[in-house]
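Build out the structure end to end from the sequences listed, making use of the hints.
For any residue, its number in my numbering is found by taking its place in the sequence shown, counting from 1, and adding 20.
It should be emphasised that the hints constitute simulated quantities derived from the structure, not laboratory data. Since this is a predicted model, take the numbers as computed values, not measurements. Check each hint, because a few of them may be wrong.
What the hints assert, rightly or not - With a Cα cut of at most 27 Å, we get these calculated DSSO-like pairs of lysine-lysine: (1) 362 with 229; (2) 229 with 406; (3) 362 with 406; (4) 192 with 280; (5) 65 with 26; (6) 280 with 229; (7) 65 with 229.
As the list claims (entries may be wrong) - Quick list of simulated restraints, FRET-style, between CB atoms: (8) 212 with 257: 34 to 44 Å; (9) 387 with 254: 42 to 52 Å; (10) 103 with 137: 37 to 47 Å; (11) 220 with 162: 35 to 45 Å.
C-beta atoms are modelled at their ideal positions from N, C-alpha and C, and glycine is treated no differently.
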Amino acid sequence: MNSIKKQLAILGSTGSIGTQTLDIVRTHPDRFGVYALCARTSVEKLIAQAREFRPVVVCIADESLYAPLREALQDLSIDVRAGDDAIAEMVTAAPIDVVVAAMVGYAGLRPMMAALQAGKSIALANKETLVVAGELIRRLATEHGADILPVDSEHSAIFQSLVGEEGNEIEKILLTCSGGPFRTWPIDRIARATAEDALRHPNWHMGDKITIDSASYMNKGFEVIEAKWLFGVDVERIQVLVHPQSIIHSAVQFRDGAIKAQLGAPDMRLPILYALTYPERIATDLPRADLFRVRDLTFEEPDTTRFPCLALAYQAAARGGNVPCIMNAANEVANLAFRQGKIPFLRMAEIIEETMARATFIPNPTYEDYVASDAEARHIAGTICKFVNL
Numbered sequence: 021m022n023s024i025k026k027q028l029a030i031l032g033s034t035g036s037i038g039t040q041t042l043d044i045v046r047t048h049p050d051r052f053g054v055y056a057l058c059a060r061t062s063v064e065k066l067i068a069q070a071r072e073f074r075p076v077v078v079c080i081a082d083e084s085l086y087a088p089l090r091e092a093l094q095d096l097s098i099d100v101r102a103g104d105d106a107i108a109e110m111v112t113a114a115p116i117d118v119v120v121a122a123m124v125g126y127a128g129l130r131p132m133m134a135a136l137q138a139g140k141s142i143a144l145a146n147k148e149t150l151v152v153a154g155e156l157i158r159r160l161a162t163e164h165g166a167d168i169l170p171v172d173s174e175h176s177a178i179f180q181s182l183v184g185e186e187g188n189e190i191e192k193i194l195l196t197c198s199g200g201p202f203r204t205w206p207i208d209r210i211a212r213a214t215a216e217d218a219l220r221h222p223n224w225h226m227g228d229k230i231t232i233d234s235a236s237y238m239n240k241g242f243e244v245i246e247a248k249w250l251f252g253v254d255v256e257r258i259q260v261l262v263h264p265q266s267i268i269h270s271a272v273q274f275r276d277g278a279i280k281a282q283l284g285a286p287d288m289r290l291p292i293l294y295a296l297t298y299p300e301r302i303a304t305d306l307p308r309a310d311l312f313r314v315r316d317l318t319f320e321e322p323d324t325t326r327f328p329c330l331a332l333a334y335q336a337a338a339r340g341g342n343v344p345c346i347m348n349a350a351n352e353v354a355n356l357a358f359r360q361g362k363i364p365f366l367r368m369a370e371i372i373e374e375t376m377a378r379a380t381f382i383p384n385p386t387y388e389d390y391v392a393s394d395a396e397a398r399h400i401a402g403t404i405c406k407f408v409n410l
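This is the structure we're talking about:
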C-alpha cells in the first residue's frame with residue numbers, strides 16, 4: 021500500500037462532487053489529505069468542511085463572504101483567501117498532487133488552466149472547461165505534462181475501457197444517457213414541466229444545474245464535446261444511447277467490431293475514487309451492481325425533437341471555434357432562468373440556438389476571445405430571457 025497521502029485541492033467542495041470526494045477522504049484517511057478547499061458562495065458549508073478536514077488553505081470565490089469565513093476560522097491555522105485570483109493561485113501550491121475540478125460551469129476554466137500550467141493532475145468533473153476551451157486545455161496539458169483523469173461516470177467508463185488498448189483504433193464511442201426525468205413524457209407535457217419536475221432525476225443525485233442540464237439533454241451534449249477532447253475522437257464517431265437503467269456507463273467499439281464497456285452501480289463515488297487512485301483499484305464497501313437483479317438492459321435512440329439541446333451541441337462541435345463557448349454561456353443563463361421560473365422548459369433550447377446565431381463567431385479563439393465570447397453570449401441570452409413572454 022502507498023504510505024504517502026495524496027494531497028487534494030477540491031474546487032467546488034460544497035457541491036455534489038465535492039462532498040462525495042470528501043466522503044472518500046473520510047473513508048480512506050490513510051490515502052488522501054485535504055490541502056485546499058474552495059466554494060463559490062456556500063460559506064456555511066465551507067466553514068463546516070474546513071473545521072472537519074483542517075486544510076492548509078480555504079478560499080471563497082465571492083469576495084463579499086471573506087469576512088464571515090475568516091472570522092469563523094480565526095481560531096485555526098488556516099490560510100483564508102477570497103476571489104478568483106486567489107483560487108487560480110491556490111491550485112499551483114507545490115504540495116498539491118491532484119486538483120479535483122468540480123466547480124460548476126465556466127467559472128472552472130481559469131483555475132483549471134492555472135493547475136495545468138503548474139503540472140498538476142486533474143480529476144475532472146467540470147465538463148464545461150473542455151466544452152468552452154477544449155483545444156486550449158488539451159494544449160496546456162500536453163505542454164506541461166499534466167494528466168486529466170475524467171470523473172464523469174460516462175467518461176470514466178470510456179477511460180477504463182481504453183486501459184490496455186493503447187495503439188488500437190477507436191471505431192466508435194458509445195456514450196450512454198439515462199434519459200432523465202422526461203424520457204417518456206410527450207412534448208406537450210414537457211412544455212409544461214416545472215423546475216421541480218426537472219430536478220427529480222430517476223437515477224443520479226447531482227447539483228441543481230447539472231440535473232436540469234440532464235433533463236434537457238444539454239449535459240449529454242456537453243459530454244459529447246468533452247469526449248472529443250479527452251479521447252481524440254471526432255464527434256461523428258460519438259454515439260449517444262439512452263440507457264434508462266444506468267448500469268452500463270459507456271462503451272468503446274474498436275475497429276475489429278469488439279465492444280468494451282464498464283458497468284457499475286449508479287454511484288459517483290466510484291468514478292471519483294478511480295480518478296484519485298488510478299491505475300490502482302482499492303477495496304471499498306461502495307454499492308455493487310447485482311446483475312442477477314437487473315432484469316433488463318435497454319437502449320434507445322435519443323429524441324432530438326423533444327430534446328433539441330443535444331442536436332445543438334453536435335452543431336456547436338461541428339462548427340468549432342468559439343461556438344461551444346457561446347452555447348455554454350447561453351445555457352448557463354437559460355438554465356438559471358428556468359430554475360427561477362422566468363422561462364418555460366422548452367424555451368431554454370430556443371434561447372441557446374438564438375444566441376449561437378447572433379454572437380460573434382471566432383474560428384481560432386485565444387483565452388481572451390473565450391472571455392469576451394462568454395460575456396457577449398451571456399448578454400445576448402440575458403436580453404432574450406428578460407423580454408420573453410410566459
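Tested hints:
{"no.": "1", "hint": "362 with 229", "result": "holds, 15 Å"}
{"no.": "2", "hint": "229 with 406", "result": "holds, 20 Å"}
{"no.": "3", "hint": "362 with 406", "result": "holds, 8 Å"}
{"no.": "4", "hint": "192 with 280", "result": "holds, 11 Å"}
{"no.": "5", "hint": "65 with 26", "result": "holds, 23 Å"}
{"no.": "6", "hint": "280 with 229", "result": "violated, 31 Å"}
{"no.": "7", "hint": "65 with 229", "result": "holds, 18 Å"}
{"no.": "8", "hint": "212 with 257: 34 to 44 Å", "result": "holds, 37 Å"}
{"no.": "9", "hint": "387 with 254: 42 to 52 Å", "result": "violated, 24 Å"}
{"no.": "10", "hint": "103 with 137: 37 to 47 Å", "result": "violated, 19 Å"}
{"no.": "11", "hint": "220 with 162: 35 to 45 Å", "result": "holds, 41 Å"}
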